[in-house]
Amino acid sequence: MTDVDHLSVDSAKGDPAHRIVRSLAGLTVPIGAVLAALVVGALMLWALDASPIEGYKALFSGAFGGADELADTAIKSMPLLLVGVGICIAFRAGVINIGGEGQIVAGAILSTTVALALPDLPRALLVPLVLIAGAVGGAIWGAIPGALKAYANVNEILSTIMMNIVAAQFLSFLLQDLLIEEGAIRIQQTERLSANSHLPLLPGGTRLHIGVLIAIGVAVLGYLLLFRSAPGVRLRAVGHNPHASRYAGMPVQRSIVQALALSGACAGIAGAVLVFGSESHRLIGEGGAAAFTQNAGFNGIVAALFGGLHPLATVPASFLFGGLLKGGIDLQQAVQVPGALVVALNGIVVVFVVSSLKLQTRIRDWAAALGQARSDQHVE
Amino acid sequence: MWSDFFTTSVIVATLASAVRFATPFLLAALGEAVGQRSGVLNLGVEGVMLCGAFTAYYVRLNPSGWGWAGGMATAILAALAVGLCMGLLYAWMTLVMHAEQGISGIGIFLFGLGATDLLFQKQVGVPLPISGLRPIRIPLLGDIPHVGDILFNHNVLVYLAYVLVPVITLMVNRTTFGLNIRAVGETPEAADTLGVNVNLIRLGAILIGNALAALAGAALVMNTNIFQQNLTAGQGFIAVALVYFGAWRPGGVMAGALLFGLVSSTVLQLKTLGIVSGAASALTAMAPALLTIVVLVIVSRRIGQPSALTRPFDRNA
Chain H
21 MTDVDHLSVD SAKGDPAHRI VRSLAGLTVP IGAVLAALVV GALMLWALDA
71 SPIEGYKALF SGAFGGADEL ADTAIKSMPL LLVGVGICIA FRAGVINIGG
121 EGQIVAGAIL STTVALALPD LPRALLVPLV LIAGAVGGAI WGAIPGALKA
171 YANVNEILST IMMNIVAAQF LSFLLQDLLI EEGAIRIQQT ERLSANSHLP
221 LLPGGTRLHI GVLIAIGVAV LGYLLLFRSA PGVRLRAVGH NPHASRYAGM
271 PVQRSIVQAL ALSGACAGIA GAVLVFGSES HRLIGEGGAA AFTQNAGFNG
321 IVAALFGGLH PLATVPASFL FGGLLKGGID LQQAVQVPGA LVVALNGIVV
371 VFVVSSLKLQ TRIRDWAAAL GQARSDQHVE
Chain U
2 MWSDFFTTSV IVATLASAVR FATPFLLAAL GEAVGQRSGV LNLGVEGVML
52 CGAFTAYYVR LNPSGWGWAG GMATAILAAL AVGLCMGLLY AWMTLVMHAE
102 QGISGIGIFL FGLGATDLLF QKQVGVPLPI SGLRPIRIPL LGDIPHVGDI
152 LFNHNVLVYL AYVLVPVITL MVNRTTFGLN IRAVGETPEA ADTLGVNVNL
202 IRLGAILIGN ALAALAGAAL VMNTNIFQQN LTAGQGFIAV ALVYFGAWRP
252 GGVMAGALLF GLVSSTVLQL KTLGIVSGAA SALTAMAPAL LTIVVLVIVS
302 RRIGQPSALT RPFDRNA
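So the protein sequences, as listed, match chains H and U.
First residue of the first sequence: 21, per the working numbering; consecutive thereafter.
First residue of the second sequence: 2, per the working numbering; consecutive thereafter.
Derived by calculation from the structure, the hints in this document are not laboratory data.
Hints are supplied without guarantee of correctness; some may be wrong.
Claimed, not checked - Which stretches of chain U does chain H cover? Using the computed rule of at least three CB atoms under 8 angstroms from a CB of chain H, they are:
(1) 157-166
(2) 170-180
To be verified - For each label pair, taking beta carbons as the anchor points, the in silico distance ranges come out as:
(3) H:F84 - U:L85: 34 to 44 angstroms
(4) U:G275 - H:R382: 52 to 62 angstroms
(5) U:L284 - H:D140: 26 to 36 angstroms
(6) H:A389 - U:L85: 33 to 43 angstroms
(7) U:G279 - H:S81: 19 to 29 angstroms
Values in this document were obtained by computation on a predicted structure and should not be read as measured data.
Built from N, CA and C at the ideal position, the CB exists for glycine as well.
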């Protein structure tokens with residue numbers, strides 16, 4: 021859950037006390053943030069006349085209580101991980117991508133359209149095709165604010181948020197008109213998509229499907245791209261210091277577009293996984309786009325920050341965060357409060373986790389200063 | 002069909018509601034402008050607006066028996082109080098914990114979205130309308146044909162929002178507090194060496210911003226007279242964009258708010274007249290967001306944002 025780079029480098033230097041403080045800071049601060057959020061959540065439950073103890077029991081057993089629960093947690097964390105890997109790429113390149121929500125929707129729309137247009141393709145072709153279509157849809161939705169930032173100096177935070185709103189309304193339009201299931205009941209959803217497009221289940225008798233392998237695969241690819249490839253070095257250089265990178269002859273503008281397009285592609289795959297890994301096997305827009313994405317576009321950001329903006333560390337971070345969200349649904353059902361509680365709790369977790377991030381580095385710096393002082397003493 | 006739109010009465014009504022619809026945008030964006038001038042970006046406006054809107058709605062729905070003025074004043078004051086509390090939370094996040102400002106607002110937004118929906122379902126259940134603020138026709142000015150209807154026949158929050166434009170302009174440009182706000186937003190280190198308490202000034206700016214955002218929510222619910230899940234539907238985010246549109250000046254922000262008010266009222270009028278209907282109305286609902294992007298492209302060429310925007314101040318750094 022911590023910055024893996026930090027840990028691997030740290031283990032090689034510094035005295036043991038210093039090392040322990042640093043790794044403890046890495047672990048305890050985010051966990052403390054989540055606990056603080058749970059305390060606030062307990063107060064809310066108490067205010068709603070619900071038992072916090074009963075609620076949190078339901079949360080933990082619902083998230084991690086057995087094979088089925090763990091599988092559901094893994095399913096819940098897939099979109100977080102996919103978006104999170106994209107966030108690692110964007111943030112490392114110095115671009116703040118708040119547009120995961122819209123990029124998920126764009127990926128879902130394009131992949132669903134492909135599945136509706138080519139229902140008879142064999143499964144071995146159609147499944148990869150819809151995933152690629154999802155990536156392309158998300159990439160387009162990311163590249164637009166990327167190009168606006170690179171070539172027109174438009175603040176990407178604002179443009180990606182606006183792209184979220186546009187995507188949500190476009191989804192609502194499509195599901196009321198072009199893509200709606202033919203029939204008497206006008207629910208905002210497509211027909212059940214071709215069986216050849218469904219993501220295959222993994223053996224084990226749970227609901228777990230190959231989406232989890234795809235998500236982890238994307239995380240590995242993201243790691244290789246960022247830390248083991250020349251384009252990754254360029255992206256990170258641009259993120260670190262765009263002026264120096266430009267001076268060194270790097271294509272800064274193109275890098276920004278690429279970073280947001282790649283980031284969007286990851287979120288777009290999440291959109292495809294949400295459609296073709298769902299049990300209903302449809303694109304459902306009833307209840308708004310947020311009901312479809314379950315705020316994964318925002319939560320992926322938190323998972324990535326939790327993972328120190330490292331794609332591989334984002335894997336366990338997403339799993340824990342996904343467990344919290346999955347368990348939140350069980351909590352809400354166990355104590356009989358409206359589902360909106362999960363969204364509110366989600367917000368509180370974001371508030372505390374984002375607030376704790378700098379504390380982590382501050383404690384690390386403090387420990388480093390301490391370690392430095394000690395080694396200076398040794399020299400004397 | 003379109004001929005239904007181009008009649009004097011419809012156009013006057015559309016322009017009058019444009020002035021009214023611009024109010025939540027204006028209040029929220031004025032507050033955000035003050036915050037950003039001090040170097041703090043707050044993306045949580047949307048969440049604060051929702052909380053302010055729900056608070057005002059809920060208090061108004063259960064008037065404490067203090068009569069018309071009492072119930073209304075309590076509703077607005079309660080919304081302001083909620084806004085100030087959320088401002089304290091945001092100040093803790095950004096000033097004390099140095100949280101990343103581009104993201105921390107998302108937490109406030111999700112919390113506001115979930116909490117208001119939760120409380121609405123739990124405490125209200127059935128969406129009941131409230132009696133909103135009554136329009137007050139200003140003597141003499143309100144009697145001017147058409148213009149009076151468009152500009153001088155609104156509720157007190159609408160007037161307040163427009164009066165705040167010169168007030169905030171004066172505050173930012175002509176008072177010590179305003180000068181300090183600009184100083185800590187441009188070069189906090191220099192302000193600090195001159196003895197300005199950077200975080201205290203920023204706290205003040207954040208509180209003003211959040212109070213106005215909550216007031217914007219109250220103004221919104223006084224327009225719709227009903228609360229629903231995600232009532233703001235992106236208006237708080239657009240308000241943040243309007244600050245860029247207005248180049249951090251209250252007058253510019255007002256122009257942007259009026260533009261968005263006009264778009265919103267026109268879209269609503271077209272729906273009411275049946276000129277757009279069904280699925281097409283989802284397309285027209287994209288208009289404000291698309292317009293925001295276009296506007297950002299146009300204004301971004303001449304942008305000069307406060308130099309210390311989103312940069313936390315740490316004296317030891």
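Against the structure, the hints come out as follows:
Beta-carbon proximity to chain H at under 8 angstroms applies to 0 residues in the stretch 157-166 of chain U; the threshold of 3 is not reached and the given coverage is violated. Taking a C-beta to C-beta cut-off of 8 angstroms, the stretch 170-180 of chain U contributes 0 residues in contact with chain H, too few for the three needed, and the coverage statement is violated. Checked against the given bound of 34 to 44 angstroms, the beta carbons of F84 of chain H and L85 of chain U, roughly 39 angstroms apart, stay inside it. Separated by about 60 angstroms at the C-beta atoms, G275 of chain U and R382 of chain H satisfy the suggested range of 52 to 62 angstroms.
The hinted range of 26 to 36 angstroms is satisfied by L284 of chain U and D140 of chain H, whose Cβ atoms lie roughly 31 angstroms apart. Between A389 of chain H and L85 of chain U the beta carbon distance is about 37 angstroms. The supplied range of 33 to 43 angstroms therefore holds. In this structure, G279 of chain U and S81 of chain H break the distance hint of 19 to 29 angstroms, their C-beta atoms being roughly 45 angstroms apart.
The structure does not agree with the numbered hints 1, 2 and 7 stated previously, though it agrees with the rest.
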